[in-house]
Amino acid sequence: MYAIREALAAFRRAPVLTGLASAMVGLALYVIGLLGLATYNLQQALSTIEDRVQIAVYLRDDTRQSEIDLAQAELGEIPEVRAVRFISKREALELAREELPEFSALFSDLEVNPLPQSLEVELIPGERSQEVVERISAAALRYPFVEDARYGREWVDRLFALRRIGAATTFAMGSAFAVVAALIIGTALRIAIFARREEIYVMRLVGATNGFIRRPFLLEGALSGLLGGGLAWLMTWATYRGVYAFLFQLAWIPPTWIFAGLASGAFFGAIASALAIGRHLRQV
Amino acid sequence: MIKLTNVSKEYAKGGFALRDVSLHVKKGEFVFLTGHSGSGKSTTMRLSHMAERPTSGEVRVTGYTSDRITQRALWKIRRRVGFVFQDFRLLPGRTALENVSFVLEVTGTPRKDIVPRAQRLLTRVGLTPKAGSLVHELSGGEQQRVAIARALANSPYVLLADEPTGNLDDRATRGVMDLFWDINANGMAVLMATHDLELVRRYPKARVLELDNGRLVYDSAAA
Numbered sequence: 001m002y003a004i005r006e007a008l009a010a011f012r013r014a015p016v017l018t019g020l021a022s023a024m025v026g027l028a029l030y031v032i033g034l035l036g037l038a039t040y041n042l043q044q045a046l047s048t049i050e051d052r053v054q055i056a057v058y059l060r061d062d063t064r065q066s067e068i069d070l071a072q073a074e075l076g077e078i079p080e081v082r083a084v085r086f087i088s089k090r091e092a093l094e095l096a097r098e099e100l101p102e103f104s105a106l107f108s109d110l111e112v113n114p115l116p117q118s119l120e121v122e123l124i125p126g127e128r129s130q131e132v133v134e135r136i137s138a139a140a141l142r143y144p145f146v147e148d149a150r151y152g153r154e155w156v157d158r159l160f161a162l163r164r165i166g167a168a169t170t171f172a173m174g175s176a177f178a179v180v181a182a183l184i185i186g187t188a189l190r191i192a193i194f195a196r197r198e199e200i201y202v203m204r205l206v207g208a209t210n211g212f213i214r215r216p217f218l219l220e221g222a223l224s225g226l227l228g229g230g231l232a233w234l235m236t237w238a239t240y241r242g243v244y245a246f247l248f249q250l251a252w253i254p255p256t257w258i259f260a261g262l263a264s265g266a267f268f269g270a271i272a273s274a275l276a277i278g279r280h281l282r283q284v
Numbered sequence: 001m002i003k004l005t006n007v008s009k010e011y012a013k014g015g016f017a018l019r020d021v022s023l024h025v026k027k028g029e030f031v032f033l034t035g036h037s038g039s040g041k042s043t044t045m046r047l048s049h050m051a052e053r054p055t056s057g058e059v060r061v062t063g064y065t066s067d068r069i070t071q072r073a074l075w076k077i078r079r080r081v082g083f084v085f086q087d088f089r090l091l092p093g094r095t096a097l098e099n100v101s102f103v104l105e106v107t108g109t110p111r112k113d114i115v116p117r118a119q120r121l122l123t124r125v126g127l128t129p130k131a132g133s134l135v136h137e138l139s140g141g142e143q144q145r146v147a148i149a150r151a152l153a154n155s156p157y158v159l160l161a162d163e164p165t166g167n168l169d170d171r172a173t174r175g176v177m178d179l180f181w182d183i184n185a186n187g188m189a190v191l192m193a194t195h196d197l198e199l200v201r202r203y204p205k206a207r208v209l210e211l212d213n214g215r216l217v218y219d220s221a222a223a
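Which chain is which? The protein sequence lines are F and L, in order.
End of the first sequence sits at 284 in the working numbering; the numbers just go up one at a time, nothing left out.
End of the second sequence sits at 223 in the working numbering; the numbers just go up one at a time, nothing left out.
Among the clues, some could well be false.
Not everything, but these chain F residues come out facing chain L in the computed CB check (under 7 Å) [what the hints assert, rightly or not]: (1) R13; (2) V16; (3) P125; (4) S129; (5) Q130; (6) V146; (7) E147; (8) M203; (9) G211; (10) F212.
The hints are simulated quantities; they were obtained by calculation from the structure and are not laboratory data.
Virtual Cβ for every residue (Gly too), placed ideally from N, Cα, C.
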């Protein structure tokens, strides 16, 4: 109770200093927020592309319907497969006409349909990795009536390479920014605590226990961190709106990320305070 | 109450501040600790509430010894020893009453008792009408009275005062000294460091200890 009252009183007694500490924390976390926004949107973009990853299994023209049914059923039983759709020669031609209107004249003049019948294998989201795609293609190629299985190898390879680079970059930059943010938060709270060293000194002198002295500062640190986190959230939101309105469409980061950001702000704040106050507790 | 046995204190940069000092402040005594600046008065005062530990020898304060008590447990001594400084060391931006209640609050006094007790303490030092004043609105003498009320808050066994009148004019000095004598008359030991020999002479009943260059050179009780 005392700790809560004192932590709140600190904001009232030195609004500039505590405000400044929160602002510094906010700016540090804002950079992380921007990185989060960029990462999330990159992730979204990649998964939209990834959704299109599917395998086309081309069948010989003389394949019997029973064989097609068997292959469709067997491929459908592979755990990573969501659905297997059969596309007849006629459907393939219609699709080609729809998707490639510039060649519609060419397709309508045909006497023989040159397009093969196929099985379109769609994968469960999250299972569209290169390894899975390759394994299923190999399984399909084992049927004697399968002519070819395609998934755009180069394209998938590139997509996954991009994903790996994205993850590595995010991790490296995220860690670097997190360290910088932690240092800034630590410094800001160290200054705030330094300004109150006299109070800590008096508390030690009159016989307050270390835990008693530390508690309001921990709470104050957590509160500064939380306020800073809120500020970072607002600034990131403003940036998001700005970019959305004037540059390009963006997706807003999910609430779990925001919650994690606020929680880490509070956590960093409390830890930084604990570290900063330790020195003063040893002095008298 | 406070016992130094063969205590020496050496600082890494400043050399010896105390050399082989033994002294004993007993229950209910009023003791002046005198000497020139640099004689070791402040070091003795700091050792007496274990803000520092001796380089050699033993300091014993209200039953706790310097080589046994941990930094974490120092609060036990601090609640038995009141401390008054030359520069008051009050918390700025708070009222006289808040400065006193602060001590009661941080030492775990039940909430409903805090304000009445703080008010009683301020009454005891004659500051009832100034309870609501911010400390910077008070005169030096009044600030020192707040500091004394604060030092008495834990009902200590002994009151340590390091040059408590150093920043006060004559009238305020007399007021503060009368207060110390009154406190002492109620059974609390007082150990007061001062370089003001004129002041010491005014209170012939008090015991006088004199330090010179880190050594105890005079003890009126032994003379």
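* To do: Would you pick out the hints that fail for this structure and give their numbers low to high?
  => 2, 3, 4, 5, 6, 7, 9
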